[in-house]
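Enquirer: Each residue of the sequence shown is one higher than the one before, starting from 0 at the first, in numbering that gives the first Met the number 0.
Incorrect hints may appear among the rest.
Claimed, not checked - Ranges between beta-carbon positions, derived for each pair:
#1 GLY58 to TRP116: 16 to 26 Å
#2 SER49 to ASP125: 40 to 50 Å
#3 LEU126 to ALA87: 33 to 43 Å
#4 LEU65 to ASP125: 29 to 39 Å
#5 PHE23 to GLY58: 29 to 39 Å
#6 ASP124 to SER49: 19 to 29 Å
#7 THR27 to GLN84: 15 to 25 Å
#8 ASP60 to TRP116: 14 to 24 Å
#9 ARG129 to GLU54: 12 to 22 Å
#10 ILE90 to ASP124: 29 to 39 Å
#11 LEU105 to GLN159: 17 to 27 Å
#12 GLN64 to VAL154: 32 to 42 Å
The hints are simulated quantities; they were obtained by calculation from the structure and are not laboratory data.
C-beta: ideal position from N, C-alpha, C; glycine also.
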Amino acid sequence: MGNPASAPSGSVLFIGTATTLIRFGGFTILTDPNFLHRGDEVHLGYGLRSTRQTEPALGLDQLPQLDLIILSHFHEDHFDRLVQQRLARDIPIVTTPDAARALRALGFSQVRELTTWDTWNFRRDDLRLRITAVPAQHTPLRLMQPLLPRTMGSVLSFSQVQTEEQLLR
Numbered sequence: 000m001g002n003p004a005s006a007p008s009g010s011v012l013f014i015g016t017a018t019t020l021i022r023f024g025g026f027t028i029l030t031d032p033n034f035l036h037r038g039d040e041v042h043l044g045y046g047l048r049s050t051r052q053t054e055p056a057l058g059l060d061q062l063p064q065l066d067l068i069i070l071s072h073f074h075e076d077h078f079d080r081l082v083q084q085r086l087a088r089d090i091p092i093v094t095t096p097d098a099a100r101a102l103r104a105l106g107f108s109q110v111r112e113l114t115t116w117d118t119w120n121f122r123r124d125d126l127r128l129r130i131t132a133v134p135a136q137h138t139p140l141r142l143m144q145p146l147l148p149r150t151m152g153s154v155l156s157f158s159q160v161q162t163e164e165q166l167l168r
């Protein structure tokens, strides 16, 4: 194990539901953006609705500049109508193939679709974030599974890319 004093620092802020703001390794990442307010209803498909029970810890307008979004699946409780209206259309979004189609139809242009065990590398300068899609299950209720979209879990790996000069030292 390396020196703890030299370990990179970061933060994770739970905003609510599945929405989390991750700042680590030089990147700012948002997961499953839902900024609806307590009492707001969301449509889940097949006539199903859900009501938000809590306020988000942070408002959509309070977010820092984001590098990318990771979306586990496309439901309004994970990518709400406020986000659909106000999010920049060119922000990178990593998600499932089904969600990618829906996002492209809404005008989002930087959508990366991953199937299970696929990886995608996001690089900025000498920093790299590798996202690997892993199996996920929307519900343990087998009867409900055919009615719900496929979901994606994610493993994030952060690294610094070494230049040829650094490797030769």
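Enquirer: May I ask you to test the hint 15 to 25 Å on the CB atoms belonging to THR27 and GLN84?
Expert: holds (21 Å)
Enquirer: Could you say whether the range 16 to 26 Å given as a hint is met by the Cβ separation of GLY58 and TRP116?
Expert: violated (36 Å)
Enquirer: Just tell me: holds or violated, for the beta carbon distance of SER49 and ASP125 against 40 to 50 Å?
Expert: Given a distance of about 43 Å, which is inside 40 to 50 Å, the answer is holds.
Enquirer: Range first: 12 to 22 Å. Now tell me if the beta carbons of ARG129 and GLU54 are that far apart.
Expert: violated (34 Å)
Enquirer: Go ahead and decide if the range 19 to 29 Å is satisfied by the Cβ distance of ASP124 to SER49.
Expert: 41 Å Cβ-Cβ, so the 19 to 29 Å window is violated.
Enquirer: Is the distance from the Cβ of PHE23 to the Cβ of GLY58 consistent with 29 to 39 Å?
Expert: violated (22 Å)
Enquirer: Quick check: does the Cβ-Cβ distance between GLN64 and VAL154 fall within 32 to 42 Å?
Expert: Roughly 24 Å apart at Cβ, these two residues miss the hinted range, so it is violated.
Enquirer: Quick check on a hinted range of 29 to 39 Å for ILE90 and ASP124, using CB atoms only.
Expert: Violated, at about 19 Å.
Enquirer: Given the range 33 to 43 Å, decide if the beta-carbon distance of LEU126 to ALA87 lies inside it.
Expert: violated (21 Å)
Enquirer: At the C-beta level, are LEU105 and GLN159 separated by a distance inside 17 to 27 Å?
Expert: Once the Cβ atoms are compared, 34 Å apart, the range 17 to 27 Å for GLN159 and LEU105 is violated.
Enquirer: Look at the Cβ atoms of ASP60 and TRP116 and judge whether their distance stays inside 14 to 24 Å.
Expert: violated (36 Å)
Enquirer: Just to be sure I understand the hint, the distance between the Cβ atoms of LEU65 and ASP125 should be within 29 to 39 Å; is that true here?
Expert: Given about 20 Å between the Cβ atoms, the range is violated.
Taken one by one, the earlier hints fail for this structure at numbers 1, 3, 4, 5, 6, 8, 9, 10, 11, 12, listed in ascending order.
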